[in-house]
Amino acid sequence: MPLFRDPLSVVVSPRPMTRLVLALTLLSGCGGPPGPQAEHPSPSSRDVPVPASVQRARVGLLLSLPPAADCEEQFDLKLYEDRGVDLIDWDDHPGCIDRGVDITYFPERLARPQLMQRVKDLATVVETSPPQKAAKKAP
Amino acid sequence: MTKKPWIGPLALTAGLLPAAIGLVQAYRVSHSEAAGRPLTPRERILREIPDDPKVLINVKYRDMPGTPDILDWGKRSTRALERCLADNVDAAIRVRCAVTLNALGDRRALETLQTALADWDANVRREVVRALGQMPDASSVDPLIALYRRTDEAGHVRYAVLRALSNISDQRVVTFLRKEMASKPDEDEADFRPAAFRALWAQRHLMARSTLVGDVRAVLRSDNDDMVYEATLASAELRTPGLVDSLIPLMEHKWEGVRNKAVYALGRIGDKKATKALLDRLPKVRESRMLNNIAFALERLDKDAFYDAIDDLATHKQAVIRLNAAFVLGDVRHAEGLPLLEKALADDSEYVQTSAIVAVGKLGTTDESKRQQAIEALKPFVNEGNITMREHAIYATHQLSKGGRLDLIHDKLFEIDPSRYGYSTARNIQRRAAIALAEAGDPRVKSYIADCVLHGGCSYPSTRSYLQARADDSIKGQVLLGWARGNYGLTSMVAALDPKGAQPIAKAVLEDAWGRPRSWHTRESLQVLGKLGDASVLPLVQRRTNIRYLWPRVHGNVAALRLGDSNAADHVVAALKQMPADWLPRSVTAIAVADEKIARDSLEPKLEALQKETDVDLALAAAAIRLRWSPDEAVFRLVDGLRSKSSYERDLAERYLARAPDERVTFLLRRALAREGSDDVADRLRSILDDR
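Sequence order for the protein chains is A and B. The first sequence: position 134 = 134 (the working numbering), numbered continuously. The second sequence: position 117 = 117 (the working numbering), numbered continuously.
Just so you know, these hints were derived from the structure itself, not from any lab. No residue lacks a Cβ here, since even glycine has one placed at the ideal position from N, Cα and C. Don't take every hint at face value.
Stated by the list, open to error - DEER-style ranges, computed between Cβ atoms:
{"hint": "1", "chain 1": "B", "residue 1": "Asp308", "chain 2": "A", "residue 2": "Asp70", "range": "22 to 28 Å"}
{"hint": "2", "chain 1": "B", "residue 1": "Gln372", "chain 2": "A", "residue 2": "Met116", "range": "27 to 33 Å"}
{"hint": "3", "chain 1": "B", "residue 1": "Arg239", "chain 2": "A", "residue 2": "Met116", "range": "29 to 35 Å"}
What the hints assert, rightly or not - Simulated pairs of lysine-lysine, DSBU-like, Cα-Cα distance not exceeding 35 Å:
{"hint": "4", "chain 1": "A", "residue 1": "Lys120", "chain 2": "B", "residue 2": "Lys273"}
{"hint": "5", "chain 1": "B", "residue 1": "Lys184", "chain 2": "B", "residue 2": "Lys254"}
{"hint": "6", "chain 1": "B", "residue 1": "Lys254", "chain 2": "A", "residue 2": "Lys78"}
Claimed, not checked - Heads up, incomplete: computed chain A residues facing chain B, CB under 7 Å, no partners named:
{"hint": "7", "residue": "Pro67"}
{"hint": "8", "residue": "Asp76"}
{"hint": "9", "residue": "Leu77"}
{"hint": "10", "residue": "Glu81"}
{"hint": "11", "residue": "Asp98"}
Please take these sequences and the hints and turn them into a complete structure.
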């Protein structure tokens, strides 16, 4: 129930039932209980650290994404839903076309063909390329 | 109205005066100690603060030490400040003591502060309330609410109470704030409802989602415009379709800010129900930001409807509307906008043409023929006589060519003839071209970039790393000379290039500034000596660490750590524990510079332990330092901070994450957002990502 009432909408009625409803409404709007408290999720419903000892693999890709102002972020949010993905590391270039990206993943959780299929589902063009970061950092 | 040009400089001078006085005092204190002359009463009092809790009880205002000087004692000054607040009869001094306790953030002072809520001076009470807000504790809730409810309390104190309560996460606070929001004041009374809403919003994690949404919906319909504005911002963060019906009417609100934020929120929520209202609003738009917000919202909701609607604006009779339409077409980045932009390129107005040129450069497409079509459309403008249009056309072509037109940038912009376009215009065009060429690693701009970086004209990470990679002995010598003359923007370059003579000069700068331990010269020379890594200077650096001032102690110990003194890690941790809470965020950069393995191996395990401290200021500062070194590990402590029961901890963690410069942190935060199961934590993560 909303916290505030519109003053113009309050109609005072002599009928007892209406008075009761009105009183309850006002009570709720005057610091009544704030409802059940927010639930705190279990560790399985949040990002958790993976020990450095767990094997990781990396693939370098050149991607074009469906055009949008936040195309890179949309891609990340969908791919990260798979916990087999460790990190998606983009190049510095702006835009959605011909973007270099290195994807680190856990081969024991996510096989490379599966990863590539997920990437293809999210991108319009997918080409493999050498890891981008090493090339990018060179001045 | 007559213009008063002296008001600005006067206000600036008045604003800077306290800081200048503080610096002079600080200089005089350290100088007199070095010179060995008798101490003034103020200096004597300052010296006794850590050992004599009564020293500030009878102090006169003229003898009161400066706040930065007291803070330099760290938490050793807490007891004296408590007695000052309780027992000094001068209200102005009690205000200073409360302000200083606030900056210290030492929770041992809680009881004293709570008692001081009964102070007879309203300014003292306000500062005490602020301090209690910075040390959030459940025991402060009832005294603060009682103070707020006093009918004779000053408005600014009541306002401070609401601000303080926003930091104290407790169900009593939520209940109280909801009640305050519901009580509309009489006409002659101050309206605290917006402040109550802001405080409640800070406690949103304590409320059930449905209750929170209901409250925000009610505020969107409120008669208080400030509150409505706050609620539109909240709606954009909540992204709940249930708010759409309340947001749509606000597109007609009398305040421009409310109208814009309502559209922005509708775009963020992305509910198709808003499409018709947005389309109806589009022809009535009169502000560029509004047009942009509607375009982004529609582009998400119904792309076809957007292109139909923008067609009318792109061909509108008013040039300013055509100009903004072109801008929007570029910002949404779809190749579908190219035909409309081609029309705009032929516009009679040069401003519309320029806007269209920039927009074409932003279009994205994987279709090679469309890309070529866009490049062809820009071709006539690459040789355009209007230099602004030419400049934009060249950068747009460069972008569409995937960075393949450095020749155009060099020949037509970097080699520009100043006599044709005026010195100032040409200089800016040439500078931008040089930076673009340097970022692409073009060797032709080396001498220009060297001169520009050395004189501070284009000192960016990209230009500095370009120059570092190409520095010969001559450039190295010039970098060292510039640094020795006091251009401390070059510190990182001196440290990285290690030019011949850097160490003796840095040593000389440190020794020359020995009597001014809190000066920039001390800080920067310690940073260079630490980075150069020659252990022969360790004894000198260690001598500088033996000092009462906190910052030189931190900088000195960080340098010692980098030079191989593993004991310095304990001293860094000790300094952090003593440090005022207000100073901890600044300590992150000061300590994180020590990114060498030798330093990290000693300090990182100790910081990892500090992350578990109950003092959240200290724990999160430690995590923020580690975030610079080991983001993949440290990010979890800060994201846990966003999940804390305490809104104070949540806000602090959010600030540290928002300020972390590494792009890797952005990627890690996206991962955290994708996997986050809690709505309110996800909201915070999304908000940080939007701002990064």
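Hints, verified against the model:
Remark: the range hint 22 to 28 Å for B/Asp308 to A/Asp70 is upheld by a beta-carbon distance near 23 Å. Roughly 30 Å separates the CB atoms of B/Gln372 and A/Met116, a value that falls within the hinted 27 to 33 Å. At roughly 32 Å, the beta carbons of B/Arg239 and A/Met116 sit within the given window of 29 to 35 Å. Proximity of A/Lys120 to B/Lys273 is assessed by CA-CA distance (about 31 Å); at most 35 Å being required, the pair is judged to hold.
Between B/Lys184 and B/Lys254 the alpha-carbon distance is near 21 Å, which keeps this suggested pair within the 35 Å criterion. Distance check on the hinted pair: B/Lys254 and A/Lys78 sit about 39 Å apart at the alpha-carbon level, beyond 35 Å; violated. Hint on A/Pro67 holds. Least Cβ distance to chain B is approximately 5 Å, under the 7 Å limit. Of the supplied interface hints, the one on A/Asp76 holds, with its beta-carbon coming within about 4 Å of a beta-carbon of chain B, less than 7 Å.
Checking A/Leu77 against chain B by beta carbon gives a least distance of about 5 Å; that is within 7 Å, so the hint holds. With a least beta-carbon distance of about 5 Å to chain B, the hint placing A/Glu81 at the interface is held under the 7 Å criterion. A distance limit of 7 Å between C-beta atoms decides the matter here; for A/Asp98 the minimum to chain B is near 6 Å, and the interface restraint holds.
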